[in-house]
Every structure is written in C-alpha cells, then in structure tokens.
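Engineer: The whole structure should be built from the sequences, with the hints applied where relevant.
Converting from the sequence shown to our numbering requires adding 1 to each position, the first position being numbered 1.
Because the hints were derived from the structure by calculation, they are not lab data. Certain hints may be false.
With a cut-off of at most 30 angstroms between alpha-carbon atoms, the simulated DSS-like pairs for lysine-lysine come out as follows [to be verified]:
#1 K61 - K10
#2 K9 - K61
#3 K23 - K9
#4 K23 - K10
#5 K9 - K63
#6 K63 - K13
#7 K28 - K9
#8 K61 - K28
#9 K13 - K28
#10 K10 - K28
#11 K23 - K13
#12 K63 - K28
#13 K10 - K63
Here are the simulated distance ranges between beta carbons [stated by the list, open to error]:
#14 D73 - T45: 19 to 27 angstroms
#15 I4 - L59: 17 to 25 angstroms
#16 A20 - D92: 34 to 42 angstroms
#17 L48 - D73: 18 to 26 angstroms
#18 A109 - A38: 15 to 23 angstroms
Computed from a predicted model, the values in this text were never measured in an experiment. In this text, a Cβ means the ideal position worked out from N, Cα and C, and glycines have one as well.
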Amino acid sequence: MEIAFRTKKLRKILNSQAALRKSYGDKLARSLMIRLAVLRNAETLSLVPASRPERRHLLKGKRRGQFAVDLDRSFRLIFEPNHDPVPQSEDGGIDLERVTAITVIEVADYH
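Structural biologist: As structure tokens, this is what we get:
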C-alpha cells in the first residue's frame, strides 16, 4: 500500500529508525516499524489484520472516516484512506478492498 504522511515532520520521523527511537522510545518505535511494514506490504486495507496485534479498526465520532492500528498500551497509529473520493461499498461504508493508499495522520493516545 502507498503511504503518505500528513506533515513533513511526521514523514521524517516515521521513515528513520533513529528518529523513531528518539521521538517514541525503543518499545513504541519497534511497534511503529512493524505496523508500518504491515501497512506497506498490504496491497489493500482489507489485508491489514483486524485482529491483534495490528487490530485495524475504523474510528468514530470526530475521527469518523479514520482508522487506527494498535501500537503499545493505548497508543495508536492513525490514518485515513488517501483517495478522492474514498471508495465506498454498497452499504455506504468504506470499501477496504479498494483502499490502496493511506495518509498517516498521527501517533497518539486518544483515549
């Protein structure tokens, strides 16, 4: 899957092991590297596991239309489909089989 980043700073951090470790510590950096590899290697969003450890899940409320994957404890990697328009399924939801590009928004503990 193609991955873009919301900001240049986020792209710089998430594309460097040293910057990841400096910004997030060893344990969270390791989880981020693994999750980003899973996302990059998936052809479509439907191939990113919805079960642990990744636990891809659709967010609600003010984060409607965004997804997250679990990192460590309550931290999540948050992203959204990078399509215009976002592929829709027949029931009006997001068609995960057709999402082939995402934009990473942030790494956060939104709980």
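Engineer: Taking the hints in turn, state whether each one holds.
Structural biologist: Hints versus structure:
Of the supplied pair hints, the one linking K61 and K10 holds, its CA atoms being roughly 26 angstroms apart against a limit of 30 angstroms. Under the criterion of a C-alpha separation no larger than 30 angstroms, the hint pairing K9 with K61 is consistent with the structure, at around 26 angstroms. Proximity of K23 to K9 is assessed by CA-CA distance (about 17 angstroms); at most 30 angstroms being required, the pair is judged to hold. In summary, the hint linking K23 to K10 is supported, as the alpha carbons are separated by about 13 angstroms, within the 30 angstroms threshold.
The suggested pairing of K9 with K63 holds, with an alpha-carbon distance near 24 angstroms, which does not exceed 30 angstroms. Our distance criterion of 30 angstroms between C-alpha atoms is met by K63 and K13, whose separation comes to about 27 angstroms. Distance check on the hinted pair: K28 and K9 sit about 23 angstroms apart at the alpha-carbon level, within 30 angstroms; holds. Distance restraint check for K61 and K28: the Cα-Cα separation of roughly 27 angstroms lies within the 30 angstroms cut-off, and the hinted pair is therefore satisfied.
Proposed proximity of K13 and K28 is supported: the alpha carbons are some 19 angstroms apart, at most 30 angstroms. Between K10 and K28 the alpha-carbon distance is near 21 angstroms, which keeps this suggested pair within the 30 angstroms criterion. Distance restraint check for K23 and K13: the Cα-Cα separation of roughly 12 angstroms lies within the 30 angstroms cut-off, and the hinted pair is therefore satisfied. Proposed proximity of K63 and K28 is supported: the alpha carbons are some 29 angstroms apart, at most 30 angstroms.
A distance of roughly 24 angstroms separates the Cα atoms of K10 and K63; the hinted pair therefore holds under the 30 angstroms criterion. Checked against the hint of 19 to 27 angstroms, the pair D73 and T45 passes, with Cβ atoms roughly 26 angstroms apart. As the Cβ distance of I4 to L59 is approximately 18 angstroms, the hint placing it in 17 to 25 angstroms holds. Checked against the hint of 34 to 42 angstroms, the C-beta distance between A20 and D92 comes to roughly 40 angstroms, which is consistent with it.
Separated by about 23 angstroms at the C-beta atoms, L48 and D73 satisfy the suggested range of 18 to 26 angstroms. A beta carbon spacing of about 20 angstroms between A109 and A38 agrees with the range 15 to 23 angstroms that was offered as a hint.
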